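Start from the sequences and build out the full structure, keeping to the hints where you can.
340 is the number that the working numbering gives to position 325 of the sequence shown; each next residue is one higher, with no gaps.
Calculated from the structure, these hints are not laboratory results. If you're wondering where the values come from, they're calculated on a predicted model, not measured in any experiment. A hint or two may mislead.
Here are the computed distance ranges between Cβ atoms for each label pair [to be verified]: (1) Glu81 x Tyr150: 34 to 40 Å; (2) Thr457 x Asp147: 42 to 48 Å; (3) Thr457 x Ser223: 35 to 41 Å; (4) Ala464 x Asp255: 42 to 48 Å; (5) Ser74 x Thr432: 53 to 59 Å; (6) Asp21 x Thr262: 27 to 33 Å; (7) Ala464 x Asn354: 40 to 46 Å.
Glycine included, each C-beta is placed from N, C-alpha and C at the ideal position.
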Amino acid sequence: MSDRYDGFDPLEHGAAGDGVHDDTAAVQAAIDACARNGGGRVVLRGGRTFRTGTVTLRSHVELHLEHGATLAGSPDFADYTVRFGGVVLNDGNTQWGDEPTGVLLDAEGAENISVTGSGTIDGAGRHFVLSDNGYIYTMDQRRPFTIYFRDCRNVTFRDVRIVDGAVWTLRLSLCDDVLIHGVRIHNDLKLPNSDAIDIDCCRRVRVSDCDIVAGDDAICLKATLEHTGTDRATAPVCEDVTVTGCTITTTSSALICGVEGQSKIRNVVFSSCVVRQSARGLAIRLGEGGDIENVLFSDITVETRFFHEGWWGRGEPIAIMAVPWTEHCGTVRNIRFRNILCRAENGVTVIAQDPGRIEGLVLDGVRVEIDRWSRWPGGHADLRPRRAEDFPAMPTDGFHLENVHDARLTDCEVVWTAHPEDGRHALYAENCPGLHHEVRGTGVREDVAAVALS
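Written out as structure tokens, the structure is:
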């Protein structure tokens, strides 16, 4: 044993800690010894790099990474021994791919577990890049989740740094009572599907004071078919989630409920966040049969821009869509935005394919400054992943609403810093019964009406 004892040490179980040798067995042995002892702390020492494949956390165990310590994912997919079917999008459908997905840090059915410290977890994403297409990588579909916890209770992530996720970085499914605080997730902005935090059918989750750079959705609430099954009456839901005080940059959506929505996503608060240089800002995306309801976004600044079409999103600071992927989607109701300041290359977009699929929307104190600074053109919507035309032509309005029932816009404002050819009205609303609007601003040019209702 070392002179100081502050936890179970993988070095004492044979780890090399040099970043070259495979330390999977030694790190797992330290975790298992800690669990057999009734729980406690496993410490990865500063100045050491522990290269591993899949490591499984046990109940009542804290994995603590000292400053300068790194848990580094193996570049060899064969080392990831816990496997899952890979999720792919194909012709507008979510399907299980033929290639498996692995996981670096794993937990299932555990309670009272935590990952803490100022050290680093390296997801090894760079090792699974097949080619660089300039704006987005082509990836090997066999790649690991960095962290994937399932059916766990009383889970804490605090202060740790996570880098280079290969696919969804911190994924939680069917977990209750989760705290994610002060975590820094920095992924490659060209690496697709490197979501930062995915909260799937979880309850009572608090995310606070995190700094995120992600090559896909930054903080995403889901209800995937993998966990809900087909009986929505008994399906688990995603509910009671708060996200506050986060800074975010992403090549997809910064704060989003959906796209996967097989059961309910409800009772969610996003507040006091800063979104920079993202493809979409605040998003509700429903394409499946569940419902999304009772969601509040407040006190957030948003900056969004166009990216290469390989990335989903068209620079919308706020995007709400109820557009079925296949045959049916549920309802989006009681969504509220309050005190939102936006600088964007596109306007706020709210689209329901069928009338009434979005209802009870409130936009209060939303300011949209429309500017253009990227190299990519505007004038199109992005409705992926539906099967029909994914990029229909759509002029840029400050606020664009289609088939929305009982929407209320108060103290809203549109400012045209740029005057793009595809620009149009401050407010455009089509088939929106019960609409109340108080929007300051003009059309993009003097000959264009400020407000157009049809």
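Against the structure, the hints come out as follows:
For the pair Glu81 and Tyr150, the supplied restraint of 34 to 40 Å holds, since their beta-carbon distance comes to about 37 Å. Between Thr457 and Asp147 the beta carbon distance is about 43 Å. The supplied range of 42 to 48 Å therefore holds. Checking the proposed 35 to 41 Å range against Thr457 and Ser223 shows it holds: the Cβ atoms sit about 39 Å from each other. Taking the beta carbon of each, Ala464 and Asp255 are about 43 Å apart, inside 42 to 48 Å as hinted.
In this structure the supplied range 53 to 59 Å holds for Ser74 paired with Thr432, their Cβ-Cβ distance being about 54 Å. The hinted range of 27 to 33 Å is satisfied by Asp21 and Thr262, whose Cβ atoms lie roughly 32 Å apart. As the Cβ distance of Ala464 to Asn354 is approximately 27 Å, the hint placing it in 40 to 46 Å is violated.
When held up to the earlier numbered hints, the structure conflicts with hint 7 and nothing else.
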